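Okay, here's what each chain looks like letter by letter:
Protein chains: 2
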Amino acid sequence: MRAGDLTTPALMADVGVLDHNVAAMSAQRPGSALRPHVKAFKCTALAGVLADAGHTGFCCATVREVEGMAAAGLGDDLLLANEVLDTRRLGALVASGAARVTVAVDSPETIAATAAGGVREVLVDVDVGMPRCGCDPADAGRLADDARAVGLSVRGVMGYEGHLMHDPKADRRADAVAEAMEVLAGAHGEVGGDVVSGGGTGSWDCNHLVTELQAGSYVLMDGAYARLGLPFREGLVLLTTAVSVSARGWAALDGGLKALAMDSGNPVLVGDGDVLVCSDEHTIVTGSFTVGERVGLRPAHIDPTIAKHDTLHLVDDVSAGADADVLESWPVDLRGW
Amino acid sequence: MRAGDLTTPALMADVGVLDHNVAAMSAQRPGSALRPHVKAFKCTALAGVLADAGHTGFCCATVREVEGMAAAGLGDDLLLANEVLDTRRLGALVASGAARVTVAVDSPETIAATAAGGVREVLVDVDVGMPRCGCDPADAGRLADDARAVGLSVRGVMGYEGHLMHDPKADRRADAVAEAMEVLAGAHGEVGGDVVSGGGTGSWDCNHLVTELQAGSYVLMDGAYARLGLPFREGLVLLTTAVSVSARGWAALDGGLKALAMDSGNPVLVGDGDVLVCSDEHTIVTGSFTVGERVGLRPAHIDPTIAKHDTLHLVDDVSAGADADVLESWPVDLRGW
Chain A
78 MRAGDLTTPA
88 LMADVGVLDH
98 NVAAMSAQRP
108 GSALRPHVKA
118 FKCTALAGVL
128 ADAGHTGFCC
138 ATVREVEGMA
148 AAGLGDDLLL
158 ANEVLDTRRL
168 GALVASGAAR
178 VTVAVDSPET
188 IAATAAGGVR
198 EVLVDVDVGM
208 PRCGCDPADA
218 GRLADDARAV
228 GLSVRGVMGY
238 EGHLMHDPKA
248 DRRADAVAEA
258 MEVLAGAHGE
268 VGGDVVSGGG
278 TGSWDCNHLV
288 TELQAGSYVL
298 MDGAYARLGL
308 PFREGLVLLT
318 TAVSVSARGW
328 AALDGGLKAL
338 AMDSGNPVLV
348 GDGDVLVCSD
358 EHTIVTGSFT
368 VGERVGLRPA
378 HIDPTIAKHD
388 TLHLVDDVSA
398 GADADVLESW
408 PVDLRGW
Chain B
78 MRAGDLTTPA
88 LMADVGVLDH
98 NVAAMSAQRP
108 GSALRPHVKA
118 FKCTALAGVL
128 ADAGHTGFCC
138 ATVREVEGMA
148 AAGLGDDLLL
158 ANEVLDTRRL
168 GALVASGAAR
178 VTVAVDSPET
188 IAATAAGGVR
198 EVLVDVDVGM
208 PRCGCDPADA
218 GRLADDARAV
228 GLSVRGVMGY
238 EGHLMHDPKA
248 DRRADAVAEA
258 MEVLAGAHGE
268 VGGDVVSGGG
278 TGSWDCNHLV
288 TELQAGSYVL
298 MDGAYARLGL
308 PFREGLVLLT
318 TAVSVSARGW
328 AALDGGLKAL
338 AMDSGNPVLV
348 GDGDVLVCSD
358 EHTIVTGSFT
368 VGERVGLRPA
378 HIDPTIAKHD
388 TLHLVDDVSA
398 GADADVLESW
408 PVDLRGW
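So the protein lines, in turn, are chains A and B. In terms of our numbering, the first sequence opens at residue 78 and continues consecutively. In terms of our numbering, the second sequence opens at residue 78 and continues consecutively.
Certain hints may be false.
Identical chains blur together in the list; that is why a pair holds if it fits in one copy or across any two.
[To be verified] With a straight-line cut-off of 25 Å between C-alpha atoms, the simulated SDA-like cross-links for lysine to any residue are:
1) Lys246 - Ser356
2) Lys246 - Val354
3) Lys246 - Leu286
4) Lys246 - Ala128
5) Lys246 - Glu405
6) Lys246 - Gly195
7) Lys246 - Asp402
8) Lys246 - Ala130
9) Lys246 - Val92
10) Lys246 - Asp387
11) Lys246 - Ala101
12) Lys246 - Ala303
13) Lys246 - Met207
Keep in mind that the hints were calculated from the coordinates and are not lab data. Here the structure is a predicted model, which is why all the values come from computation and not from measurement.
One chain only, chain A, in its complex shape (with noise of 0.2 Å):
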């Protein structure tokens, strides 16, 4: 099948830049130095081609995360990098041998609930300087003596230096992701175990502590990471139909903000031209463009983009839009909570 004959809006991942970002990436962190965060694509087919590469740990973001890569066979070690409350999903999966799960904890309500849930492995969550989740360090060790006193097995930390991951200089961005990790370094001496999980994409390189490293965006790159320099392409294209065009010098397209993440900012045209504006249903752009014609866009941020699709069409090549073929059509199959 031909990418023309997909209903528009439709998302296309290139498979060469899929493969090409794949083995990048496992030619610096093979194996399980790797641990591919799904929330960045939940797709579980996409999953299989990064346990086919070597990577059969994975990171989630969320408890339909896990269940959803449980049932897909590949739940050898699913680390839930989040912390959670309600549990029993979460034990029931543990209980009937589905999959290997570790959840993050970083109090002593979460350890509780773990425990109570019936998860039986976890990492403590570590604040490395990003508001987000995470215990403050100098509590690490006395929380894993916490979970280990309610008979759960502590496999290490976890670290999340997200706010560091899209300095462009290399440098400075290298020096931040040390000192963050040396905050790591530390409650890991006192949390003991062997997992020192953390990093992304961004601190791909250049974080020299974590035994894994939770990267996801890289597999198709977002549009901040793309202006890093990284080795890693941009291989998601929205594609659309213009169904309307005006001789006041614009065009609409038929994806808009309902199809296109806008947290990180406007999608780029593939081609010539500009994006205007995305309202709920239209990408409205400059250029020439005939009624009918066949469009792409390249969103700003993927993971939220890939969210709002039910369907993930693997292609031979995003830039011959309409005439791009049709490989593989997956289920975008881990979404919802």
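Fit chain B to the given chain A structure using the hints.
Leaving out everything else, chain B in the frame of chain A:
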């Protein structure tokens, strides 16, 4: 069921607010004087409430919405207020007899596609000043002739003055709407037919031209519209759980920008405190919270927020948070394309 028993994040609508808003709009625009826009809520159960209030013609933005409304038995008179080139699914719906379908056209190409696909009724979509779809007003009569020449029934015109909806000065808003509607009235004179469709929540009482108002957001209200002093109240709240509380002065709630549309800005906290940032999975807020506490967030823009959820929970009082009673759980069944 109590709202506190829902998996968070969970989207809740207030039944009292909904009933108030529906009644206030129906008093001004009874029966067919209102053509509610289902794009605002993408939920046939909520559309059924509006049909029960006497509004049995609906406005849709996507083919999927038209199909879903027909399948729910709400297909008496469905207007797809958007241009479509691939009209095969709409034509099949017309052929099945499941719905009366009217579609917007604004070019020779959309007229040809509509006729070829088997849709028989159209409105001529006229540019009334907003960068969007719509023909040059001077071309409207000729396009109507072209449509009739290929066997289409031209029911009238539509023109959407969405760029004028958010002016906080009511007088200025009314003057601008009147000016835009003069353009539409002129085009209507050339086109003929008995339908003049347009307007929205922001022009609910100052658009004196349209025979049917295309309002949708009023049912649960956007933050932006709420600042206009309209008689409609805000009734949509995302219920979250505080999963982490930091001594550094913030709490992390378990709903972020995958659960909240961000195109119109940050959500607003229900209760005391401020939103610092929304990330993919978390909203970070200031204020006094305990781990496990349920916390509500009012989204800035309801249309794309609801489109991120598969369920909308109708509750007796959104401000009651975890203590609200869940009256019904409605599938958001018109998502996708």
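The hints, checked one at a time:
1. For the homomeric pair Lys246 and Ser356, the shortest alpha-carbon distance between copies (23 Å) is at most 25 Å, but the shortest distance inside one copy (34 Å) is not.
2. For the homomeric pair Lys246 and Val354, the shortest alpha-carbon distance between copies (23 Å) is at most 25 Å, but the shortest distance inside one copy (30 Å) is not.
3. In this assembly of identical chains, Lys246 and Leu286 lie within 25 Å of each other by CA distance solely inside one copy; the values are 20 Å within and 57 Å between copies.
4. Taking the closest pair of Cα atoms, Lys246 and Ala128 never come within 25 Å of each other, the shortest separation being 32 Å inside a single copy and 57 Å across copies.
5. Within a single copy, Lys246 and Glu405 get their C-alpha atoms no closer than 38 Å, and across copies no closer than 52 Å, so neither meets the 25 Å cut-off.
6. In this assembly of identical chains, Lys246 and Gly195 lie within 25 Å of each other by CA distance neither inside one copy nor across copies; the values are 44 Å within and 57 Å between.
7. For a Cα distance limit of 25 Å, the shortest separation of Lys246 from Asp402 qualifies neither inside one copy, at 38 Å, nor across copies, at 52 Å.
8. With identical chains, the CA atoms of Lys246 and Ala130 are never at most 25 Å apart, being 30 Å at best within one copy and 59 Å at best between copies.
9. Proximity of Lys246 and Val92 under a CA criterion of 25 Å is satisfied in neither setting, with 30 Å inside one chain copy and 51 Å between copies.
10. Proximity of Lys246 to Asp387 under the C-alpha cut-off of 25 Å is found in neither arrangement, the shortest distances being 36 Å within a copy and 41 Å between copies.
11. Proximity of Lys246 to Ala101 under the C-alpha cut-off of 25 Å is restricted to the intra-copy arrangement: shortest distance 21 Å within a copy versus 55 Å between copies.
12. In this assembly of identical chains, Lys246 and Ala303 lie within 25 Å of each other by CA distance solely inside one copy; the values are 13 Å within and 42 Å between copies.
13. In this homomeric assembly, Lys246 and Met207 come within 25 Å of each other (Cα to Cα) only inside a single copy, at 19 Å, whereas the closest approach across copies is 41 Å.
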